[in-house]
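Asks: From first to last, the protein sequence lines stand for chains A and B. Read in order, the letters of the first sequence are residues 1 to 325 in this note's numbering. Read in order, the letters of the second sequence are residues 326 to 627 in this note's numbering.
Note that these hints are calculated values from the structure, not bench results. Do not rely on the hints blindly, as some may be mistaken.
What the hints assert, rightly or not - Below, a list of computed lysine-lysine pairs in the PhoX-like style, where the Cα atoms sit at most 20 Å apart:
#: 1; chain 1: B; residue 1: LYS421; chain 2: B; residue 2: LYS475
#: 2; chain 1: B; residue 1: LYS421; chain 2: A; residue 2: LYS233
#: 3; chain 1: A; residue 1: LYS233; chain 2: B; residue 2: LYS457
Stated by the list, open to error - So, partial list: chain B residues that the calculated Cβ filter (under 8 Å) puts toward chain A:
#: 4; residue: GLY424
#: 5; residue: ARG427
#: 6; residue: SER433
#: 7; residue: PHE448
#: 8; residue: ASN500
Ideal Cβ placement from N, Cα and C applies to all residues, glycine included.
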Amino acid sequence: MSINFSTWFTPRTPLDKPSKRLLTFGSFAIPLLLWCLFSYAPFLWHPQVEITQSGGVSYFREGTLVDKEVFQKVVDKKVAENPGIDVSELPQGIPSNPVYLPAPHEVATAFYTAFTTPPKRSNEPWLHESLWHSIQVIAWGFFWAMLFGVPLGVLAGTYASASHIIEPFTEFFRYLPAPAFGALAVAILGIYDAPKIAIIFIGTFFQMVLIVAATTRKLNIALVEASLTLGCKGLRMIRRVILPGILPDLYRDMRILLGWAWTYLIVAELIGTSSGITWFITQQARYKNFDNVFAAILIIGIIGLVTDIILARLGKRLFPWHNSK
Amino acid sequence: MNSHPLNEWITPEIQDRNERILKRPPVLDIQKLHKSFEHKGKPVEVLREIDFTAYKREFICVVGPSGCGKSTLARLVAGLETIDDGQILMDGEAVKAPGPDRGMVFQSYSLFPWMTVKDNVMFGLVESGMSKLTAESEALQWIDLVGLEKFADSYPHQLSGGMKQRVAIIRALANQPKVLLMDEPFAALDPKNRLKMQQYLLEIWQNIDITIFFITHDLDEAIYLADRILVLDAHPGRVKEVVNVPLPRPREEETFLSPAFMATKVYLESLVHHEDEEVEDMEDKLKMVRMVSVNSDVPDIF
Ligand SMILES: Nc1ncnc2c1ncn2[C@@H]1O[C@H](COP(=O)(O)OP(=O)(O)OP(=O)(O)O)[C@@H](O)[C@H]1O
Ligand SMILES: [Mg+2]
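Between the sequences and the hints, there should be enough to build the whole structure, so can you do that?
Replies: Structural data, given as structure tokens:
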């Protein structure tokens, strides 16, 4: 099979295999390439200068970054003071990017060293421990949200009465920002993991109820009516028709909501006793170790992507009837 | 009565059969049925004073112009809509909610996509409390009957439209309903497949104890299938006439060519004449369109 470019520009047309591979590869390769270009091609951007030789200027220390203009001004001043100065006595430096944009190889190194470097203080967790802690907080928060959110959503989507008693309040609560409950959660639940789990819960639960209700309502009404004429009703119908009918979509909803849970993690980990991967990021940013920051962000991205791919694969296995729809 | 244009085609045998049908016990009795829907805050009358009785093992077809309330009537019988006034009796008992005594086959495919053909057919049986094992063997018999043995473990999306409707029919029949309601079940099929499905349906109907209430807008289909045809009028839906089909049974493909068939079709067309209405409608709309100035540079196309 060869690449058929015309399918690239036809709406809602499946692609051939090589095109798919090429584009998926490009989806990661293009941002990476841009990053490399900006990091390694000195004529692109590079608004600062990394000092390699102070040239007698007191505040130019080797390795520090200064803005290009500042650097140029100092050099000009030196030349003006002493027109016959030798070039080797002037301050020297190489163009570089600001500290918040580390180059790919620096991040790659940080990615490796972040796991191998022991914490600065003995009571601080290793990176992998922080990570594991974060995953647990997310898992519990999401578990509780699902435990209550899915049944309520299905009920609201099935019965108009349930919809009217459940949805208005949920709709109201969904607009309240979850972080606003941080202090309250700590006051009620203490300073350890409970308030963090509560923040994840608050952040996903209300959305979940509404999304699941909408998904349930999208179930083909003919299926419900067919089951009624076949003598099925009430909770039995929910179990035998509605739940299996919406399951593939419900599964997809959960995959999307799980992504949201990660967004609330950063708030959750800042309250009470700080912990977890996002705390690691905040702290590293404070020390200006941006390579570590990028490495940690990358880790979260990879975890998210890998979970999603696994869940998508699993979904295809679980719902063989769904791929033709 | 003598003046009825179809009387000349009613042979003594057909007359005899019709009379015997009317002596059977009534299964479905619709009495003074009214139904309105709310549209933009105003009630719109859809069905007015429908009176009709279907007898045991009768094949009834319902025809009428589009929007006259055929589907609504079937849904009322199924218990999927609430009755405004009047009543529907099934074997003498008033219909209040959907139940397994009234099976329904919808126009849109309504098989459960997550179940195999076999599980779809077993669905109603298991709901009625039958054990999985008995339900399975019974379902397989039904599947055999419509020639889908090979597809017992397939999912609906792997079947053609005709096969899906066959499964929908046996899924409803497996429950042994007294009445099978069918709302334009073959409308989406091509003519050849439709004829095949009609033949299937007649064959099944002849072999089991079932009364069929079949909605269609295809007059050929109605005449080919029905003992009696309930013709509805539109706006609001009322009973226009109940036509006895002057065709002997069993019906073959040649039935479509018989003079009695033609005569019935001509007569039904005169009753329904929905084509005329649509043309009139179209004329009105065209007039409206013509009133809009097309392009000031070109005042007239002539
Ligand atoms: N749930 C509903 N709410 C409001 N109006 C409805 C509803 N269902 C049907 N109607 C209206 O009732 C009328 C009859 O509809 P119905 O579907 O029974 O007609 P029909 O004879 O089956 O038409 P067709 O031949 O096109 O299938 C239509 O005018 C329709 O707009
Ligand atoms: Mg209809």
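Asks: It remains to establish, for every hint, whether it holds in the given structure.
Replies: Here is what the structure says about each hint:
Distance check on the hinted pair: LYS421 of chain B and LYS475 of chain B sit about 39 Å apart at the alpha-carbon level, beyond 20 Å; violated. For the hint pairing LYS421 of chain B with LYS233 of chain A, the CA-to-CA distance comes to about 14 Å; that is within 20 Å, so the pair holds. For the suggested pair LYS233 of chain A and LYS457 of chain B, the alpha carbons sit about 19 Å apart, so the restraint of at most 20 Å is met. Hint status for GLY424 of chain B relative to chain A: holds, with the closest Cβ pair at about 6 Å, below 8 Å.
Because the beta carbon of ARG427 of chain B sits about 6 Å from the nearest beta carbon in chain A, less than 8 Å, this interface hint is met. Interface restraint check for SER433 of chain B: the shortest CB-CB distance to chain A comes to about 5 Å, inside 8 Å, so the restraint holds. At its closest, the beta carbon of PHE448 of chain B sits 6 Å from a beta carbon of chain A; the interface hint therefore holds under the 8 Å criterion. Contact between ASN500 of chain B and chain A, as hinted, is supported at the beta carbon level, the nearest pair being about 6 Å apart and thus within 8 Å.
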